[in-house]
Every structure is written in structure tokens, then in C-alpha cells.
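**Q** Guided by the hints, dock chain C onto chain H, whose structure is given.
Given next are the chains, with one letter for each unit.
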Amino acid sequence: MASSAVACSAGSERVERDGAAVDRGEMVMVSEVRSLTNPYEAAWVQGSRAYAESLGIELKVIVYGGDSQNALSQLQSVLAAGKTVLLNINPNTSADTPAIVRAVQNSGGCAVTQWSKPADLHPWDVGNGWASYVSYDGVQQGADTGKALVDSLGGTGGVIALQGLLANDISQTRFQGFQQAMAGQSGVTLLDDQPADFDRNKAYTTTQTLLNKYGDQVNGIWAATDSMALGALQAVREAGRAGEIKIASAADATPEGLGAIADGELLSTYTTDPYFNGAMGLAICYQAMTGAIDVESLPRENREFYVDQSLITASNVDRFRTVPSDEEIVRSVQDPFSRITGPVAR
Amino acid sequence: MSTTEVTGEVTTSAEPRPPVRGTGPGVRRVLSTAGPLAALLGLCAVFAALAPGFATASNAAAIVEQAAIPVVLAMGATLVVLVGGVDLSIEGVMAASGLTFVLLAANSVNGNDLGLLAVLIALGVGLVFGVVNGVLHVVARVPSFLVTLGTWFVGLGVATVLFGTTTPQLTDPSLGAWAGGHWFGLPVVVVFALAAVAVTVLLCKGTRLGMHTYAIGGDEATSRLAGVPVGRTKIILFAVAGLLSGLGGVLATIRLGVGDVSVGSGSLFLTLSAVVVGGTLLSGGRGGPLHSLVGVLLLVVLGNGLLLSGASPYLQQGAQGLIIVVAVIATGWPARSRLRVVK
Numbered sequence: 001m002a003s004s005a006v007a008c009s010a011g012s013e014r015v016e017r018d019g020a021a022v023d024r025g026e027m028v029m030v031s032e033v034r035s036l037t038n039p040y041e042a043a044w045v046q047g048s049r050a051y052a053e054s055l056g057i058e059l060k061v062i063v064y065g066g067d068s069q070n071a072l073s074q075l076q077s078v079l080a081a082g083k084t085v086l087l088n089i090n091p092n093t094s095a096d097t098p099a100i101v102r103a104v105q106n107s108g109g110c111a112v113t114q115w116s117k118p119a120d121l122h123p124w125d126v127g128n129g130w131a132s133y134v135s136y137d138g139v140q141q142g143a144d145t146g147k148a149l150v151d152s153l154g155g156t157g158g159v160i161a162l163q164g165l166l167a168n169d170i171s172q173t174r175f176q177g178f179q180q181a182m183a184g185q186s187g188v189t190l191l192d193d194q195p196a197d198f199d200r201n202k203a204y205t206t207t208q209t210l211l212n213k214y215g216d217q218v219n220g221i222w223a224a225t226d227s228m229a230l231g232a233l234q235a236v237r238e239a240g241r242a243g244e245i246k247i248a249s250a251a252d253a254t255p256e257g258l259g260a261i262a263d264g265e266l267l268s269t270y271t272t273d274p275y276f277n278g279a280m281g282l283a284i285c286y287q288a289m290t291g292a293i294d295v296e297s298l299p300r301e302n303r304e305f306y307v308d309q310s311l312i313t314a315s316n317v318d319r320f321r322t323v324p325s326d327e328e329i330v331r332s333v334q335d336p337f338s339r340i341t342g343p344v345a346r
Numbered sequence: 001m002s003t004t005e006v007t008g009e010v011t012t013s014a015e016p017r018p019p020v021r022g023t024g025p026g027v028r029r030v031l032s033t034a035g036p037l038a039a040l041l042g043l044c045a046v047f048a049a050l051a052p053g054f055a056t057a058s059n060a061a062a063i064v065e066q067a068a069i070p071v072v073l074a075m076g077a078t079l080v081v082l083v084g085g086v087d088l089s090i091e092g093v094m095a096a097s098g099l100t101f102v103l104l105a106a107n108s109v110n111g112n113d114l115g116l117l118a119v120l121i122a123l124g125v126g127l128v129f130g131v132v133n134g135v136l137h138v139v140a141r142v143p144s145f146l147v148t149l150g151t152w153f154v155g156l157g158v159a160t161v162l163f164g165t166t167t168p169q170l171t172d173p174s175l176g177a178w179a180g181g182h183w184f185g186l187p188v189v190v191v192f193a194l195a196a197v198a199v200t201v202l203l204c205k206g207t208r209l210g211m212h213t214y215a216i217g218g219d220e221a222t223s224r225l226a227g228v229p230v231g232r233t234k235i236i237l238f239a240v241a242g243l244l245s246g247l248g249g250v251l252a253t254i255r256l257g258v259g260d261v262s263v264g265s266g267s268l269f270l271t272l273s274a275v276v277v278g279g280t281l282l283s284g285g286r287g288g289p290l291h292s293l294v295g296v297l298l299l300v301v302l303g304n305g306l307l308l309s310g311a312s313p314y315l316q317q318g319a320q321g322l323i324i325v326v327a328v329i330a331t332g333w334p335a336r337s338r339l340r341v342v343k
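Protein sequence lines, in the order shown, are assigned to chains H and C.
All letters in the first sequence, in the order written, are residues 1 to 346 by our numbering.
All letters in the second sequence, in the order written, are residues 1 to 343 by our numbering.
Please keep in mind that the hints were generated in silico from the structure rather than gathered at the bench.
One should not assume that every hint holds.
[Stated by the list, open to error] Distance condition first, Cα-Cα at most 25 Å in a straight line; then the derived SDA-like pairs of lysine to any residue: (1) Lys60/H to Ala80/H; (2) Lys60/H to Thr160/C; (3) Lys202/H to Pro313/C; (4) Lys202/H to Val188/C; (5) Lys202/H to Ala61/C; (6) Lys147/H to Gln309/H; (7) Lys205/C to Ala221/C.
[To be verified] Pair by pair, the computed Cβ-Cβ distance ranges are: (8) Glu244/H to Ala38/C: 35 to 43 Å; (9) Ile329/C to Arg319/H: 54 to 62 Å; (10) Gln180/H to Asn110/C: 43 to 51 Å; (11) Leu166/H to Ala221/C: 46 to 54 Å; (12) Gly164/C to Gly25/H: 29 to 37 Å; (13) Arg319/H to Ala38/C: 54 to 62 Å; (14) Gly111/C to Ser338/H: 38 to 46 Å; (15) Asp335/H to Pro143/C: 54 to 62 Å; (16) Ala55/C to Gly264/H: 53 to 61 Å.
C-beta atoms are modelled at their ideal positions from N, C-alpha and C, and glycine is treated no differently.
Bound-form chain C, shown alone:
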């Protein structure tokens, strides 16, 4: 309990217990929480008016499905960003897990056929990468930026070795059926994405670990003084992020139907942009999984809407970059006076 008292005094760690000081901070909180959501709804309204085919059930289904894997990845990335760290290893871990999975499930290259066990082992590979990230960061005191940059390429290297010389194709019929299949009336990937969101929200809002996460992001030094197990918390968060990257790699591999070292290409940019656009501060301490969910949807809707409205491909890339910069300015604006240094 002492932790909450300490974080209550740290103005940047407003999420679990917002400091009530007049109306200012309350308004700020509403803005940073509702801003991205309002932007998402506004964007939907604009595209519904401009782009024929946008406001249809089948397009909504396509958007949700396209958002599913980035959402899984963004949940892990959010946890790491909440403590002020960053996980750049997403694409490498996806590749290593994806190839581990395809080579252990029934495939065209070797005689393995472990079925669901292949999925679990591949998730284990992601977990190991995450633990290594966390331990190197916490114990060896290397900035997370550098550690995860390194493991990104280690992951790609592992995947390249596993790949060998020919593309392994997934031949397991039951796992392959997940690609276009449905559970509870929802596409399988969407079920996984919803589960990832639910677990992450619970972790953030309902557990001591979540409380510690926000405290560390708010002010790591003070949290340490207050008895928060900073190192252990960070290692757990990196481990969860690795696990979720592994899950993303397995799901993407199932969807492609083949093992591909570039299975995660582009995922890092989309995921980190979504976390930031959703309103989670890169400096940590504020934001959360639901913010990132909105962030992913916003970017996917933007890409989808621009494509449907017939915008030039050159314009599409520029527009996506522009919205990220605008979103960072918008989310950071209320807090900019409190930033001591911008790095």
C-alpha cells in the first residue's frame, strides 16, 4: 500500500489513481483517454462518408481480422512501454517462433507432427527470448533499446538457420484450419486477440504486478525506494511481451500456411506506432492495453479507409506517418510542461 501513496505524489503516474487537483489534471486525463477513441470514431465517420464499401459488415470483419495479430503484439509492447522500456525484438521473435512452430507441426520438410504441442513449444521460444531480454536489461543493465535490438537479429538468425533451404509448408490440417476458421462465431485470430487483451487488462488493472508496472513507469527511482521489486517486475513484463510476440509469430505463420523468416516484417513499426497513437507515453507510466487496442484499430482503419477511398499509394504512406506524429504531439501536449528533457 505504501507504493500507492508514493505514486500518488508522482504526477506522471496518473493512471491507477489520478491526482485530483482541481479540474486541470482530470480534463487532461479525459483528453488523453478519450482523444484516440474520438479520433477513431471520427476517422470511421469520414471514411464511411467518403469511401464506398467502407461501412459494410464484410469490411468491418476484414478490419477486425487484420487488426488481430497487431493487437496481440501491441499488448506485449504496451507492458514494456509502460515501464519506460521498449521491445524492438518483435519481428525477430515472431520469425523464430513461427519457424519453430512450423517445423514441429506436420510440415513439408521433416517428419514431425506434434500438433498443439508445437504451438506450445513455439510460445516457449518466445518466452525464452522475452526472459533473455528482461534479464540482460535488468541484470546487465543494458538499455532495453539495445538489448532488444540485438535479440531482434538473433531471432532472425535463429529463424534463418531453421529455415534451411526450402520453404516449410504447414500441412497439419487441424492447425491449418485455424487460418480461415471460426470459434464462437469469431475468426480464430480474433479470439486469440480478445484473449490477449483480456489477460493484459486484468494484469494491469487487477494485479499487484500491474500496480507495480505503473509505479515504475511513473518514477522508477522512487518506486525502488518504496520497495517495488523493479527488476523482477521488468523481467516478467519482458517475458510476457516475448510470449505474445511468439504467439503473434505462430498465428501469422498459420495464416500464411508457410514458415517465412519475414513473417513479422512491418510489425514492429505498426505495433509501436499503435501503442503511441493510442496514448501510452513512451516515457512510461500512463496509458494501457485498451489505449493500444484503440491505437491498432486507428492505424488499421486508416490504412483500410485510404485504400478504399482510392488515395494514391504514395499519399497513403505519408498519411500514416503524419498521423503518428500528430498523435504523439496530441497525447504529449497536456504533459509537455512537465517534461524536463526531450530525448
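Chain H extracted, bound-state conformation:
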């Protein structure tokens, strides 16, 4: 009861300020990511920048290097500067989300978080300062790429699976989807599954060892991300079996991964459109702050949702190899809710 009372009072404060409509000059947009050397996050920041520039609002990019404390303390310095913060963040872990969204809400700002949050915490429980939580259906990614792999083998053979970090939510859901795809058929056997920690080197050495163990039984490799798939590809190349062993990646659509698909060395990857994601979170907050949308009255489906994503294979790879222009990015988020595919089911 106490927490809902707090949420209500925070909400009413925000509505009051909406009456005065927050001035653009009083706003600062913040885009917070783990690193800029990860192609996904670099593209995300590019999307954020394109959107902020289109409105002439200052953008601060915070790179916290996977350090939760760093993520929060840098954010707090920006909040302390006094401007109204519009935050779009990919938190390091689920555990970070509550502290971040409450800090932003208490300062009168707006936050959109993506990818991870505690399963039992929802934006409407916290208040209007946490406009939306956005996620991506890992099970679908795993299932679609798993099916692409099975199909490419003609329904028979042996495959190896490389997961990310064992304790990582997204890695687990992708693997769960992959297992669903495998369960739907009988000809393809899962020879081994190993964690490669999202690490290209570890994927390389693990694949090298497993190729020695299973030899010609290996016809396909499934990896939870491009970087691991590319590590596996390196080992397959060195074993002289490039092209012969099919490799499916379940995520990231890195430029290098897309190049490998175009060259026929990789079977698939998945895109969640980082340019859109980087701009969309800021767009939701901007519309909330200017009164274009009323967070209080948004349906729950607009506050916690999955976003449309696409399987990429050789047949459509060319479409994803061109970087969108700034105008295209800004246009794609005019309606930031246009790509909702459904609620985050729990």
C-alpha cells in the first residue's frame, strides 16, 4: 500500500509539470550501454544520437563497462545536474533495474529499460517515471534459428550447441527455443552443448575440441550469438570443413556476421534492430514528457512488451547490410509502439 501511495504522488507531480510542458532546453537524453566496442550497442548509441539530434536535445552517452555500480553512479551524477532526464538503458543485470528506475522517477525524469528486469517487477508497480520495459523474445530467436539449422541439414545429422553464460537469461531462453526446434524432429541429434560465455576465443577452442571428439558426426553448430558462431567458424575453417558444417547464429546481426552469411559461411542470425531500439526508448520518454502520450493511461501492453525482430538468412541478408540513415531512424520511431508483437508473457 505504501509503495503504491508513493507511486501515485510521484505520478501526480509529473502530471502537474506536464501542464507546464517541460521545455526542450530543460531536457537531457541519456543512453546507457555496456560498451561501445560491441557492434549492437554501438549501433544503439547511433540510433539514440540520431533521435536526440533531430530534436536538438543534448544527449549524454554513458558507457559503464558491465559494472553495475558504475552504471548507477554515473547516472546519478547526471540526475544531480538538475535537468529532466530521459533515459534509455540496457541494464547490466536484472538486479540493477529497480534502483535505476526509482532514481530516475524520484528526480522527475522518465526511463525506458530494455532486455532485463526482475520477472516480478513491472513498470506499473513503480510508477509513471518508468514508462516502459522492452524485451526481445529469445525463445523465438532460438527456435527459428534452430529450425533453419535443422532444415539446412535436410533433417538428419549431428549438431553441437554453444550457449552464452549459463546464468544469463537471454542465453537460456535462446537455448530453450533451440531445444524446442530440436524436439520437433527426430533425425537430428544434439551431440553436445557447452557454454562459451559469449566469448569468441572460448567458442573457438571449445569447437576445436568438440570437432576432435565427434569428428564426422558433426554436421551443424548452433551458437547463441554471432561472436561465438564466428569463433566456431574459425575452428571449422581450420579443420578444413568450412561450408560443409552448417553454422547458425541466434542473435546480434553484427556486420561481420552478416558478411559471413552473404559469403555462405554462416547460415543465419537474428536482428532486433539496434538503431530502432536506441531511438525508441528515448522517443517514448520524449512523448511522455511533452504530453503526447499519457503514461498513466497507457495499456499494459505498451508498458511491457516484446518488439518485432527478424530472422536473417542468405535470402534477405542484403536488406540488413545497409545502415539506416538518420532520417530513417527518426521516422521509424515516430510511433515508438509500432513494432510491438505482444506482452512479455510470464
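**A** For chain C alone, kept in the frame of chain H given last:
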């Protein structure tokens, strides 16, 4: 020569001239030298029996190749540990050198094409990091732990700046061919690793610098009194370690085919564990490059064997940690009565 007389009296600096006092120290020396090797052979025997596919030529080749880059790194780390220091900057230096290399060789981001010169300049970057480590440690008298912790992140920062916004891919065909290529019938990385071992062994066993290294590790204060140029020796050792980290970064980058800031991730843990597991004392003065070679092989064989024997991934990580703790206890056991303080 006066140095050897002094170190002869220091019981912990037993390696170059073991003190002959009855059979005790001799037995200890054999144990600490042969222990890790025996463990390695024992582990191989166990996995050969348990894991199908372990005792095959192709798996042996994979083990040697996987050990190559850690061996290069471990040679540098060993030199620093021998004087009682530590080099934590390995991953940062690898990243900075690796990106310097890829951006100077033919690549997908800019028009550079310096070929082998790119390799040399990247090694130079590693060398500079090493010299900075050494100078800050010796001249500013900052513990090596802190100096190298700092340069680790400086290296990652430099690499992040160099990285820019897109992944630079190595397009130089001749350098790229090193990745899966062979020289003298051996994989290219293995040739570099063997060269690194040979140079380090020569340096330790055949030069005045090596003698000074063991003396300093045995007892720095006494060595200083005996006229050993402690500061200069340490700076040289840190410089060599930086150079070898740079080489590790270049080799790893060539193998990946792309510039990656996380190219060295996990290398620090593997390298320092290997040095310790091989029997080089963290307090310095005893052990050496061949110990570390055995240490690296032991850890790589362990990882490979556990994977092949189908052990659960959860168990694999735990087992690797456990063996390191056991190895430290085993190597330190004979000498534990002589330790004044454990920090």
C-alpha cells in the same frame, strides 16, 4: 660473482645454485620441479583412459595450439613473478597491441597496409606499456600490483578509442594466413610460443640478467647490498613481459581475424594460474619458464580433458579452480615452515 655467494646463503633462492644441505632441500627441489610434470603426465593418463578422443594426434595438436598463446604470455608473467612482482596488465596490453596491429595492417576500416611493420609497431606498443609498468614500479615505488592494474585499464581504454565504432577486420592475406598456417611443419602460433620459451629459458639460465632475476626474487634487500642493479633488472623484466603480452595480442588478433577489445579476456587468470600451478613461487626466486610451460599445458589439458569426458560445464569451472588451489598448496608445502608471513 659476489652475488652468487650472497644468494647461496639465502635459502629461498635455490634455483640457480641449490643449497646442498643433506637430502632435505634436494628432495624438495625435485618435488617442486617434477611435481607439476608428474601431475601433467598423470592427468594425461587419466583422460586417455576416460575420454574417448583424448589420446589422438589431432587432439594433441589442438592442445598444443590452444596452449600456444597462453605460453607466450606466461613467459613474460614468469619473469615478473620471479622477482616477486606481478603483471596484471596482460589483457589491456593485448587489446592495445592487437588493435594497433589490425589498424596498421591491411584492414576493413582504413587504408593502411604496413604488413610486417604493423606487427613490429604493435610489439613496440606492448614494449612501451612494459617499460611504463617497470619505471612506475621502480622509480615511483608503486607496488607492481597497483601499477599494472592501472595499465590494464589504460590498455583497454586505448584499445576502445582505437576501435572506434565498427569492428576492424584483418584483410592482409599473408598475415591472415598465419592463423591456420604452418612453418617448419608446426602451426605458426606454436613456432612463436617455442621461440618465446627458448628465449626466456636462455635469458634465465644463460645470462647475468637471469642470475640477477633469481637473486632479487630470493632476497631483494640482500641483492641490492651485493650490488645487483635491482631497479634496472626489474624494468627490463617488465619491458620483456609487456613485449610478450603485445605478441600475444597480435597472435590472438590474427587468429580471430578481427580487432577486438576483449581479445585477451580470460588470459590473465589462465596465465597467472599457469605460472603458479607450474611451481613458480608468487613470492619470487624459485621456478622458471619451463615450470610455466608445464603449468599452461596442465591447465589446457585439464580443460580439454574435462570437455571430452563429458563433464558438466558447472563441474568444469569448479575443477579448474580446485586444481589451482591444490597446486599452490602442493608447491608451497615444502617451503611453508620458512614463510614468515602469509599475505
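**Q** State for each hint whether it applies.
**A** A quick look at each hint next to the structure:
1. Lys60/H to Ala80/H: holds, 14 Å
2. Lys60/H to Thr160/C: Holds - the C-alpha atoms of Thr160/C and Lys60/H are around 18 Å apart, at most 25 Å.
3. Lys202/H to Pro313/C: Satisfied, since the Cα-Cα distance of roughly 13 Å is no more than 25 Å.
4. Lys202/H to Val188/C: holds, 20 Å
5. Lys202/H to Ala61/C: This hinted pair holds, its Cα atoms lying about 17 Å apart.
6. Lys147/H to Gln309/H: holds, 16 Å
7. Lys205/C to Ala221/C: holds, 22 Å
8. Glu244/H to Ala38/C: 35 to 43 Å: holds, 41 Å
9. Ile329/C to Arg319/H: 54 to 62 Å: holds, 59 Å
10. Gln180/H to Asn110/C: 43 to 51 Å: holds, 44 Å
11. Leu166/H to Ala221/C: 46 to 54 Å: holds, 48 Å
12. Gly164/C to Gly25/H: 29 to 37 Å: Between Gly164/C and Gly25/H, where Cβ atoms are some 31 Å apart, the hint holds.
13. Arg319/H to Ala38/C: 54 to 62 Å: holds, 60 Å
14. Gly111/C to Ser338/H: 38 to 46 Å: For Ser338/H against Gly111/C, whose Cβ atoms are near 41 Å apart, the range 38 to 46 Å holds.
15. Asp335/H to Pro143/C: 54 to 62 Å: Given about 57 Å between the Cβ atoms, the range holds.
16. Ala55/C to Gly264/H: 53 to 61 Å: Since the Cβ atoms of Ala55/C and Gly264/H sit about 36 Å apart, the hinted range of 53 to 61 Å is violated.
Hint compliance for this structure: hint 16 is the single one not met.
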